[in-house]
Each structure stands twice: as C-alpha cells, then as structure tokens.
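Visitor: Those letters in the sequence shown? Residues 1 to 138, by our numbering.
It is worth saying that the hints were derived from the structure and are not from the lab. Be a bit skeptical, because a hint or two may be false.
[As the list claims (entries may be wrong)] What follows is a list of derived Cβ distance ranges for each label pair:
#, residue 1, residue 2, range
1, L10, L96, 16 to 26 Å
2, G7, A110, 41 to 51 Å
3, Y38, S135, 40 to 50 Å
We put the beta carbon where it would ideally sit given N, CA and C, even for glycine.
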Amino acid sequence: MNQASYGKALIKRLSALVITIGASQMIILSQISLISEYCGLSVAELGMLVAIGTACIMFAGPYWGQRIDRLGAKPVLRFGLITSLLANVVFVGVILLLGLQRLDPSLGFAILICSRIVNGIGAAGIYPSCLLYTSPSP
Numbered sequence: 001m002n003q004a005s006y007g008k009a010l011i012k013r014l015s016a017l018v019i020t021i022g023a024s025q026m027i028i029l030s031q032i033s034l035i036s037e038y039c040g041l042s043v044a045e046l047g048m049l050v051a052i053g054t055a056c057i058m059f060a061g062p063y064w065g066q067r068i069d070r071l072g073a074k075p076v077l078r079f080g081l082i083t084s085l086l087a088n089v090v091f092v093g094v095i096l097l098l099g100l101q102r103l104d105p106s107l108g109f110a111i112l113i114c115s116r117i118v119n120g121i122g123a124a125g126i127y128p129s130c131l132l133y134t135s136p137s138p
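Produce the complete structure using the sequences and hints provided.
Guide: Next up, the structure:
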C-alpha cells in the first residue's frame with residue numbers, strides 16, 4: 001500500500017471513529033426522557049451528567065494538546081478511546097442496574113457522575129489526535 005492510499009484509508013477510519021463517538025453521544029441525548037423514565041433519575045439530573053461530560057472535554061482539551069506535542073497522537077488517541085469506551089460501558093451498566101433497582105439511586109448517580117468525568121477527560125484526547133492525523137504535514 002502506497003503512502004497516499006494509506007493516508008486515505010486512515011482518514012476514512014478516523015472519520016468513522018469520530019462519527020461513531022458523536023453518534024453515541026447523540027443517542028444518549030435523544031434518549032434522556034426514556035432513560036429518565038427507566039432508571040428513575042430526573043431529566044435535570046441527566047442533563048447535568050451531559051453538561052459535566054461536556055465541561056470535562058472543554059477543560060481537558062488543552063492538556064491533551066500538550067500531551068500530543070510530547071508523546072505523539074497515537075498514544076493519546078489510544079488512551080482516549082480506551083478510557084471513553086470503559087466509561088461508556090460503566091454508564092450503560094449503571095443505568096441498567098438503576099432500572100432494575102439493583103443499585104442505590106444515590107450511589108448510582110455518583111458513579112454516573114464519575115463515568116461522565118472519565119469519559120469527558122478521555123474523549124478530549126480523541127478529537128485533537130484525529131485532527132493531527134488528518135491535517136497535512138508542513
């Protein structure tokens with residue numbers, strides 16, 4: 001595979017990755033009322049969880065930009081993907097446990113907050129890494 005075709009394939013994979021991550025967030029946002037009904041959390045509490053994740057992305061972005069400069073994009077992208085994936089698995093698992101009433105609501109909400117913080121911090125490294133991979137080199 002020559003350099004040009006490898007670059008095009010990489011851009012396609014990274015684009016699919018970013019679209020998938022964005023779609024997962026859209027699914028959560030579009031299902032807030034259903035999630036609220038299922039697990040017993042208010043729409044305001046779920047809205048706060050979304051806001052916490054978004055704030056973490058905003059505040060952790062500059063940190064990951066510095067890490068990319070020092071370590072390169074690949075390790076930051078790998079860390080961000082693994083962290084975001086694990087945080088989303090925890091988030092869905094806690095929602096399911098809350099809906100089945102197998103978890104105390106206060107503890108569940110605290111875990112959901114932590115999962116959104118971890119997700120936001122991890123996701124903040126994904127986007128700049130992908131941008132670095134897809135930007136033309138000087």
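Visitor: Tell me if the beta carbons of Y38 and S135 are separated by a distance inside 40 to 50 Å.
Guide: Check passed, 42 Å falls within 40 to 50 Å.
Visitor: Could you see if the CB distance from L10 to L96 stays within 16 to 26 Å?
Guide: This hint is violated: roughly 35 Å between Cβ atoms.
Visitor: Check the following: the C-beta atoms of G7 and A110 are separated by a distance inside 41 to 51 Å.
Guide: holds, 44 Å
Figure legend: structure checked against the earlier numbered hints; the only hint not met is number 1.
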